[in-house]
Each structure stands twice: as C-alpha cells, then as structure tokens.
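Chemist: Please model the complete structure; the sequences and the hints are all you need to start from.
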Amino acid sequence: MGILKHFKQSTKAFARNWLSYMLLFISLNVILQLAVAFFNAAASWILRMQDIPYISYTNLTVLIQKPLATLLLLILFIILILTVFLQFAYLLLGMRQIAQGRFNLKQLLKESWQALQIISWRSALFLLGYFMVIVQAGQEVFGSQLLGKVVIPTFIVDFLVQNIWLGVLLVVLGFLVGYIAIRWIFILPLVILGKKSAKVAVKTSMAITHRKFWRFTIQLWSLGALTAIPRVITFGLIFMSQTLIDELATPIALFGGVISLSLIQVLNLFFSAWTSMVLLTLLLSNDAIVPYMEESEPAVSWRAKRWMKTASTMVITLAAVMIVSFNVVYLLGIGQTVPKTISHRGVDGVETPNGAQNTIPALVKTSALKPDYVEMDIQETKDGQFVVMHDPNMKNLTGVDGAPQDYTLQELSRMTVEENGFKAPLPSFDEYLAAANNADQKLLVEIKTSKKDSPDMMDNFLDKYQDELLKDGHEVQSLDYNVVAVLKQKAPKLYVSYILPYNFVYPHTDADAYTMEETTLNNRFTSKAHAGGREVYAWTINDTDTMRRMMSYNVDGVITDELSVLQDEIKSDQENPSYAQRIQHYVISMPSLSSGTAS
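Residue 548 in this note's numbering sits at position 90 of the sequence shown, and the numbers go up by one each step.
The hints are simulated quantities; they were obtained by calculation from the structure and are not laboratory data. A hint or two may mislead.
Unchecked claim - The list that follows gives simulated cross-link-like pairs (lysine-lysine, DSS-like), each with its CA atoms no further than 25 Å apart:
#, residue 1, residue 2
1, Lys-853, Lys-910
2, Lys-922, Lys-946
3, Lys-828, Lys-798
Claimed, not checked - Ranges between beta-carbon positions, derived for each pair:
#, residue 1, residue 2, range
4, Leu-920, Ile-536, 42 to 50 Å
5, Phe-613, Asp-1026, 21 to 29 Å
6, Gln-1025, Leu-920, 28 to 36 Å
7, Leu-920, Val-619, 33 to 41 Å
We put the beta carbon where it would ideally sit given N, CA and C, even for glycine.
Modeler: So this is what it looks like as structure tokens:
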C-alpha cells in the first residue's frame, strides 16, 4: 500500500472511532502519570529508609554497602520494566479492540494483564534490553515516559563529538541502534498480539523487514511529517488569531488567550492520538500481523453504573476547571520565576566567544554584561593553594600535559591559557576573586576534586575564603558530595549547590540548591526542590528553545555559554509579553506526546 493511501485510510479509520482512540490515549496517559509518581515516590522512600541521600555515578559503590537498598531498587526496576510492557500491551490491544468495534476499558485491562502473565522469563530478559536500548531509538512509534531517564546526557554527547573518532563512533552506534530498531519494529505486536516468544518474534520481524529497512524508515518519517503538517498549520492559525485578539481590550484579550491556549492543549492530545494511530496501523496492517488483529476475546457487555457516570462527569468538570485556572495563571505570568543569569566559565558566546574560559580578561568583559553570577572552576595546587582551571589535564588549555595538583601555584602562574584565539595568564583563585570583587561581580565557585588533593584541602579553602565569600555574596557548588557535606557542616551559612549530572531519583541532602544537567531535568524535579526550600540551577543551556523550556520549569538559575542570548530571552519574556507570545512560549516547551505517552 502506498504511503498516501495508508495515510488516508488510517485517518478515516481514526475519524470513525476518534472518541474511542481519545479515551484509549487519555486513559493510558493518566495511568502512566500515576505510575511515574509511584516509581519516583517508591525509589525516594527506599533511599531515605536506607539513609542514602542521593544516587549518582559518583557514589554507585554505596549500593554495595547497602544490599537491602540494592535488592529493593532491583525489584522496583523489574516492576518498572513489566509496567512498560503493560503500557504497550494496553495500547496495542486497545487498538485491536477498537478495530473490532468492541472497545471496553475493563476488558482491556484484563487482556493487558493476561498478556503479561504468558511472558516467559527468557522473553522478559530480552525485553529488558530491548526496552532500555532499542525502543529508545523508536520513540515516535513506541515511546514511554517511564523510560524518559534512559538517555545520554547532552554534556556527554558534546564531549564525545569534540573528538572526531569518538564522534564518528557515536554516529555509527546511533545508526546501528536505529537500524536494529527498524528491523525489530514488529517484535512488540508479535509478542503481545501474536503471543510469540521473543526469539520467534525477532526472527519474524527480521524476515518481515528483510531488504526493507529504508522502505520502513522512509514510510515512518513520511507519516510523521504528514501528521505534523496539520498540527503546525492549526497551531499557527490559533497563534495568528490571538495576535489580532490581543489588540482588543485586556479582559477580551485574556478571555481569547484562555480559549486559544485551552484549544491548543486539547488539539495537542487529539493530534498526538491521531499520529500514534497512523504510525502504529502501518505496522498492524502488515500481512504478518493482520491475522492476530482478527483474533479476539469474547465481547463483554458492560454498562457504566449511574454513580460512575456521575463521577466521570465530575472528574471531567474538575479537570476542565483546573486547566482553565492554570491557563489564566500562566497567561498573567503569576508566580513566574525570573531565573538568575549565570555565565558558564566566565565567557559569553559559543561561535564568537569574548575570551578564554576561566581567565580574568574574559571575566572583566563578561561582568560588563551584568550577569547575576559568573560560574568558574577551581582546583587545589601541589602546595595547597587554589588555581582557576576546569580540566583535570591542562594540555588542551595550556599545552602542559599534567594536572594542577602536579604543580605549585608559582609554577602554574607562569603558564598561559590559550582558547578561541585568546591568550591570558592562568589565574590563581586569589587573583580571580579580587578581579570579580573589583567588578562587583558575584561568583558561582565550582570546587573540583581529584585523588591528588591534600587531606586538608577543604579546611584550607574555608580558612582562607569563607568570610570573603559570605561578605560578597558568592556561592559555591561541587560535583563531589563530600565537598558539599563538609561545607554545610563547617560553614552552614555558605550557599552551596550540589551538581547532579543525572536525575535518577530526587536527592535528599543538606545542599541549598541543585545544579542539574538539563537532559533529565523536568518540572517534577523543580517542584520537589521548591517544596523543600531548595533552588534549581540548569546547565549548560545554549539554545533558545531549551532556555524557554527551563524557564517553563521555573528554574531559579540558568548556566549558559550564551549569556547575551539568555538575557535577551528573559527580557523578551518580562517586558509585557502579549498573550500570543506566552502561548508561543508554551507551545515551544509543550511536552510531546506519542504512542500514548508523554515524554
């Protein structure tokens, strides 16, 4: 079947049963939201019960020391993977029910549970790896917010692509995973609808897609584009209409804005359900899958009781009131946080930077732009002093193959930092701090640690700098939790942020703030942090879309290499933005929905 013919037929099928598809899609998302809340709460409870303040790649050895926590987290992980399987079973079996004209939520839950019960342990082990790696490459077709944290952080990708061979390896691995994802794309329909073992499903999927990799790839991309066009046009028309309505009196413009934003939210659900149906039916209409789409359980006659209808009406009404209330608050900008602007390593500009990182000339230029903070890095020297340097090996920046801990401060002060066509002396922390104070510029000081550090490093740091940091309003952060713990114990008044490169589970520490890498940062994290009296800084944010997304999460600070761009975005957002502009910002940061999941 041609791609346009499939697009037309599947769209007509969706139109005939749009209410059932919407009910399937919305009910699945509600279930997933509850599941995500449960897994987050359960993981957090396990860590608190076992006195583990946080989980990061820097303290994974704690799981060896806490075997009960490891066992409980492993059990929770197994339940998570089984829940992912239930999600896809619910989706595919629901689509089969709708195609057969017997859609019934109660029966669907029963069939989904039965599908889980017949899975063998061998198939379950295979699906574990399949969900963690392969499914992630096919998010547009089979996506799950339950697996939202299975992602390579942006800072790691950026680091890899800086090395040409690592970059090539990353591209090759990405293509390989994408290739396998297409070749294995029929596994879930075969396992769930056809009740096949994982081994048989793999062989069958490989046979179906044999010499058809590019055909299926192009078909899926084409369908994705075809379903995106109406969404873009519709949202564009709503936005343009709102720009005209904004010219009217404020109450009318606000009313129009609420209607426009609510319409976008409803249509986003509608378009997402339609897109998922169009993409999935490409698989379910394949000759190898059609026989399983015709199998069915006995139809169940079920009528909702009167109280259930009343309860449903009340829930829908309450949801509508909450959505409208949120939209009013959002459009009026009530409770919106203006994030602190934080220059990453004291530089402004990626393509045309204004200096070499962590150097005083760059600090002077950047401080003239009036960021709230300049983020910079310090390391201990061989003689127990502190030097401003990010890299553990200084070769890329100074040409000297060695760590700061291998040299005295006097030896380091004779070195020159070269980057971006700029040259500047390698500064001591004393020099950098003095320059910042002269410019009335607050610093966010990152303390970097290594195995070569002296046992007295933190005591030396506090003895020398604590009073000055407090007096001038500077802040401190570190990726090493031992540093954070010592600072809060010995200098409780010092403002300290703990750097988290990955959002595994919400931490419970004495830190005043969390500096979170943006890839796994979400609104749930910032809400929890604010509820606990903590701030959240996002790093490293260099594009406007991600800046907007972080602002929609109400982060308290944004660390960026593009300070001027960030300042312009915040200024645009604060200078009386029209309702149309606020709607545009919402659409940019709006969660994408696919396969019945919100990412």
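Chemist: A separate judgement is required for each hint: does it hold in the structure or not?
Modeler: Tested hints:
{"no.": "1", "hint": "Lys-853 with Lys-910", "result": "holds (18 Å)"}
{"no.": "2", "hint": "Lys-922 with Lys-946", "result": "holds (16 Å)"}
{"no.": "3", "hint": "Lys-828 with Lys-798", "result": "holds (11 Å)"}
{"no.": "4", "hint": "Leu-920 with Ile-536: 42 to 50 Å", "result": "holds (45 Å)"}
{"no.": "5", "hint": "Phe-613 with Asp-1026: 21 to 29 Å", "result": "holds (24 Å)"}
{"no.": "6", "hint": "Gln-1025 with Leu-920: 28 to 36 Å", "result": "holds (33 Å)"}
{"no.": "7", "hint": "Leu-920 with Val-619: 33 to 41 Å", "result": "holds (38 Å)"}
In the structure shown, no violation is registered for any of the earlier numbered hints.
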